[in-house]
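There are 2 protein chains.
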Amino acid sequence: MNIGAASEQSGLPVKTIRYYEDIGLVRPARSENGYREFLDSDLQRLKFLQRARSLGFSIEECRELLSLYEDRNRASADVREITKTKIKEVDRKIAELQSLKRVLSDLVKACHGDDRTDCPIIDDLSGGLDTAFEDRGKS
Amino acid sequence: MNIGAASEQSGLPVKTIRYYEDIGLVRPARSENGYREFLDSDLQRLKFLQRARSLGFSIEECRELLSLYEDRNRASADVREITKTKIKEVDRKIAELQSLKRVLSDLVKACHGDDRTDCPIIDDLSGGLDTAFEDRGKS
DNA sequence: TCTTGACCTTCCAGTGACTGGAGGTTCTAT
DNA sequence: ATAGAACCTCCAGTCACTGGAAGGTCAAGA
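Protein sequence lines correspond, in order, to chains C and U.
Here the first sequence is numbered in UniProt numbering, starting from 1 and rising by one per residue.
Here the second sequence is numbered in UniProt numbering, starting from 1 and rising by one per residue.
Hints should not be assumed to be uniformly reliable.
Just so you know, same-sequence chains aren't split out, so a pair can sit in one copy or run between any two.
[Unchecked claim] Computed list of lysine to aspartate or glutamate pairs in EDC-like fashion (alpha-carbon distance at most 16 Å, straight line):
no.	residue 1	residue 2
1	109	81
2	101	81
3	101	89
4	109	78
5	93	32
6	88	106
7	88	61
8	109	123
9	84	106
10	84	61
11	84	64
12	109	22
13	15	81
14	15	70
Since the hints were made in silico from the structure, they are not lab data.
Using the sequences and the accompanying hints, generate a full structural model.
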């Protein structure tokens, strides 16, 4: 099957599939006319990649998962560990965003939001060292 | 003050400050020796940027907020609107991550995690069209 | 047969927001 | 005088694509 069909079947953009070939995640054969020829096994890999990426695994993690996937002797525990690490990362990101949301919500609450030219949000951003918002500093 | 002091005062890395100058977010004067000379007003901008970036505003949003910040006539309502839009974005990201976490947790729960070579996580990633996880497809 | 248009190819450049490094100048302390 | 820190510019790399130019191939219709 050509790249267009592979794209449709896998849910990955054509450009992305070519990119994945570039970085060695998939190695489709070539037809005589130079077109990429995707076998079912290639399509499997692409679907795997689509799914894993949509679950937030990085390209390098996908590479690792793929090699576990191909390795008939890999332990289920290895895959489980990678996934658990990923869950912890997701948890961390959620917590960060929730704290961010809290600060932003406080700012909006404190802001009268009319056409006056004083604004607590701007005040906070421009120094605000003595406002109620304590958790400044980079994450 | 030199870039090193500005970095320390603002909490932004030296490289980042130079980058911000490149893209026109800050315009420090130059001393005779070619060194950047940061005035208090420059430092204000840098602190503003540090804070706004840490709150998840993009560079372009920071540019907008800065121009509102400089504009003595801007309405508080404008700033409030930008912030509210940002909160909605943060909410969306949190929801995405929570759904992602649910799927990953389900996978880990289903995975026996021993040294057997069958693994529900890999099974899910490699097609898994008839597993219990429904929300595949790109976000 | 010719043409149109869809699909395919490669290659180069850009995204966002930095970060790292090379190679060179200036300042400061000893 | 000299060592080392701090500064300078410029170029390249990061991540995971995405867009576009310029051109080759294929299938269908006139």
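Structure-based check of each hint:
no.: 1; hint: 109 with 81; in the structure: between (42 Å within a copy, 12 Å between copies)
no.: 2; hint: 101 with 81; in the structure: between (30 Å within a copy, 15 Å between copies)
no.: 3; hint: 101 with 89; in the structure: between (18 Å within a copy, 10 Å between copies)
no.: 4; hint: 109 with 78; in the structure: between (47 Å within a copy, 14 Å between copies)
no.: 5; hint: 93 with 32; in the structure: neither (48 Å within a copy, 45 Å between copies)
no.: 6; hint: 88 with 106; in the structure: between (27 Å within a copy, 14 Å between copies)
no.: 7; hint: 88 with 61; in the structure: within (15 Å within a copy, 30 Å between copies)
no.: 8; hint: 109 with 123; in the structure: within (14 Å within a copy, 47 Å between copies)
no.: 9; hint: 84 with 106; in the structure: between (33 Å within a copy, 11 Å between copies)
no.: 10; hint: 84 with 61; in the structure: within (13 Å within a copy, 35 Å between copies)
no.: 11; hint: 84 with 64; in the structure: within (15 Å within a copy, 40 Å between copies)
no.: 12; hint: 109 with 22; in the structure: neither (49 Å within a copy, 35 Å between copies)
no.: 13; hint: 15 with 81; in the structure: neither (31 Å within a copy, 36 Å between copies)
no.: 14; hint: 15 with 70; in the structure: neither (25 Å within a copy, 42 Å between copies)
Hints 5, 12, 13 and 14 from the list above are not met by this structure, while the remaining hints are.
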